[in-house]
Amino acid sequence: MMKAGFLRDLFFAAVVLIVLIVVPFIFTKPSLRDFLIYVMAYGLLAMSLNLLVGLTGLVSFGHAAFFVSGAYMFGLLMQSGRVSIPVAILITVCGTAVLAMVIGAICVRLKEIYFSFITLAFQMFIHSIILTWVSLTGGDQGLRGGIPRPPFFGIDLSSGASLYIFSACIFVACILIMRQVWQSPFGYTLRLIRDNPNRANYLGVDIVRMKLGVFILAGAMASVAGVLLSLFVSGAYPEFGFWTTSGEAIFMIMLGGSQLFVGPIIGAILLRLLEHFVSIYTEYHGLVLGVVILAIVLGLRQGIADYVVDFLQRRREAKAAPAKEAAFVKKRIA
Amino acid sequence: MLSVQNLDKRFGGVHATRNVSIDFPDGSLTAIIGPNGAGKTTFFNLISGAFRPNSGKVIFDGQDIVGKSSLEVVRLGMTRAFQVAEIFPSLTVTEAIMATVISHLRKSWTFLRRFPVAEARTRTEEIIELLGLADKAGTLSRNLSHGDQKLLDIGLALAMEPKVLLLDEPTAGMGPDERWRMIGKVQHLWQVKKMTVLFIEHDMDIVFKIAQRIHVLKYGAVLAQGTADEIRRNQDVIDAYLGADHHLFAAVGEA
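Sequences listed follow chains A and B, in order.
Counting in numbering that gives the first Met the number 0, the first sequence runs without a single skipped number right up to 333 at its last residue.
Counting in numbering that gives the first Met the number 0, the second sequence runs without a single skipped number right up to 254 at its last residue.
Don't take every hint at face value.
[Claimed, not checked] Listed next, the in silico DSS-like pairs over lysine-lysine satisfying Cα-Cα at most 27 Å (straight line): (1) K217(B) <-> K192(B); (2) K162(B) <-> K184(B); (3) K67(B) <-> K162(B); (4) K106(B) <-> K110(A); (5) K208(B) <-> K162(B); (6) K56(B) <-> K193(B); (7) K208(B) <-> K193(B); (8) K106(B) <-> K2(A); (9) K162(B) <-> K106(B); (10) K110(A) <-> K67(B); (11) K162(B) <-> K318(A); (12) K192(B) <-> K67(B).
[Said to hold, decoys possible] Cβ-Cβ distance ranges computed for the label pairs, FRET-style: (13) Y240(B) <-> L293(A): 37 to 45 Å; (14) E71(B) <-> M100(A): 43 to 51 Å; (15) G137(B) <-> A3(A): 13 to 21 Å; (16) R120(B) <-> V22(A): 37 to 45 Å; (17) E125(B) <-> F5(A): 24 to 32 Å; (18) V307(A) <-> G137(B): 20 to 28 Å; (19) G138(A) <-> G137(B): 40 to 48 Å; (20) K318(A) <-> G131(B): 47 to 55 Å; (21) Q140(A) <-> G66(B): 19 to 27 Å; (22) V83(B) <-> R313(A): 26 to 34 Å.
Because the hints were derived from the structure by calculation, they are not lab data.
Just so it is clear, CB atoms sit at the ideal spot from N, CA and C, and this is done for glycine as well.
Required output: the full structure, derived from the provided sequences and hints.
Okay, here's the thing in structure tokens:
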């Protein structure tokens, strides 16, 4: 059963990967590929944030701190010219994990709104470091001069197509890792913390350490999202670490849903589509987005994917209920 | 197994626990009773590590556990269920109990395997069976009836394989029939598991029927202790519960 679950996920991952790779070669409009890369980078950011929000009940407002640290660390490493792309990614992920450990060690001791605010504070702190340390980061101009992509293991990422395939592979691998965490005993222990931390504590769960663990993991995953985006735009910008980027990830979760594993990805696609089409018609696209999100929050009271899942569940139960009742009556008569 | 010595706790001006000393022998079933505000739940909070007493000792399994965190106390083998069921609303009965069994097995940090894990299954099923929740195993905890939620709360505590189990009003908020069913289950699992069980209870009939020993708290101090018969005849207890000029209770007790 355990194996079956993993194999099923592996199968889904393979299908998604194939679709992701094939689609831009069938519909060759460059804007489609751009769209997909944005969805992958921001979707990965939202998915990693949802390990905190949806799985552990930790609403972080500062998750983009790790997104921007991923982008800058990777960009700087590549510009130094001393390491290859895979090594740079590895160092970036580990470096961000250490950063997340330091920030998390302070944040996870706080609860609810205090946790949210302190994560936001740390993010703005990192954002201002990037803005002010001009000699290293280029300040508000961002990391200029492009990010070199030297070939490794015979893979040359200088062409758009190969970069896209590389990004899709990394994206799917990260989703698969997060899916494994979502379904693991660790993931279920996090659900205990989300539902009732006090009770979890009385059942032998070390909630501070568990929260720190998932905070580091989510930070590391967000850094990969930052790497993808910096590779794609061949640079890194302070806006990656501005609070609006964290806000966007939270929007994606609210739009898509936090309880279904793929909810944030659905949210990322919807948000990107909305932004794309709305900005064609009006410059006030922020206003339209706000209205849509308000409608979903007030109307559905949950993300779209969660709503659909609940709706299907209710319908199934409604169908099953009369049958059950009939069986019960039969039993009583007998 | 558990021995409390000269336990004392103040909250500002409120003296919630006054010099309480009680011995709970290994494998005993003990009731803690007392009027509202007597300090029963505070007593549980003190021994389970939620609050730190101002003075006194709590000897559990041979060591003084005062100053240990509630997490450490749980891991030493003392767990509790709550007056208002503390459960995990969005998990099913099986998921909640299995995740707790995994916590007990110290496998909460397992990333590379899938939930549910094989070695937790037998234990999970055993607990569900013991509580009689088998037909609700797949139900979300928030959709359970009040009584079943209280049972699940106890089941979660049981999943930690405690040596000492603290039950804070297992029958709170239940109707008369349901109370007896509930307490029957508590007595049953005490017999099956051979644990030391402490429970807080308001219903005198229930207390007198099942408790081996009874300790009465009033204003944070031990007012009386003894077997059901001794407590039933104790004039202080009767006065505490019914007022000093009420002798109906004594008459019933002697009848």
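Now for the hints, and whether the structure bears them out:
1. K217(B) <-> K192(B): violated, 31 Å
2. K162(B) <-> K184(B): Distance ~18 Å between K162(B) and K184(B) Cα, so the pair holds.
3. K67(B) <-> K162(B): holds, 17 Å
4. K106(B) <-> K110(A): holds, 25 Å
5. K208(B) <-> K162(B): holds, 23 Å
6. K56(B) <-> K193(B): holds, 25 Å
7. K208(B) <-> K193(B): holds, 19 Å
8. K106(B) <-> K2(A): Holds, because 18 Å separates the two Cα atoms, which is no more than 27 Å.
9. K162(B) <-> K106(B): Holds. K162(B) to K106(B) sits at ~20 Å (cutoff 27 Å).
10. K110(A) <-> K67(B): holds, 22 Å
11. K162(B) <-> K318(A): violated, 45 Å
12. K192(B) <-> K67(B): This hinted pair holds, its Cα atoms lying about 26 Å apart.
13. Y240(B) <-> L293(A): 37 to 45 Å: violated, 56 Å
14. E71(B) <-> M100(A): 43 to 51 Å: violated, 24 Å
15. G137(B) <-> A3(A): 13 to 21 Å: Taking Cβ atoms as reference, G137(B) and A3(A) lie about 19 Å apart, which means the hint holds.
16. R120(B) <-> V22(A): 37 to 45 Å: holds, 42 Å
17. E125(B) <-> F5(A): 24 to 32 Å: 27 Å Cβ-Cβ, so the 24 to 32 Å window holds.
18. V307(A) <-> G137(B): 20 to 28 Å: At roughly 21 Å between Cβ atoms, G137(B) and V307(A) fall inside 20 to 28 Å, so the hint holds.
19. G138(A) <-> G137(B): 40 to 48 Å: For G138(A) and G137(B) the Cβ distance comes to about 57 Å; the hint is violated.
20. K318(A) <-> G131(B): 47 to 55 Å: With a Cβ separation near 28 Å, K318(A) and G131(B) fall outside 47 to 55 Å, so the hint is violated.
21. Q140(A) <-> G66(B): 19 to 27 Å: violated, 56 Å
22. V83(B) <-> R313(A): 26 to 34 Å: For V83(B) and R313(A) the Cβ distance comes to about 28 Å; the hint holds.
The structure is inconsistent with the numbered hints 1, 11, 13, 14, 19, 20 and 21, although it conforms to all the rest.
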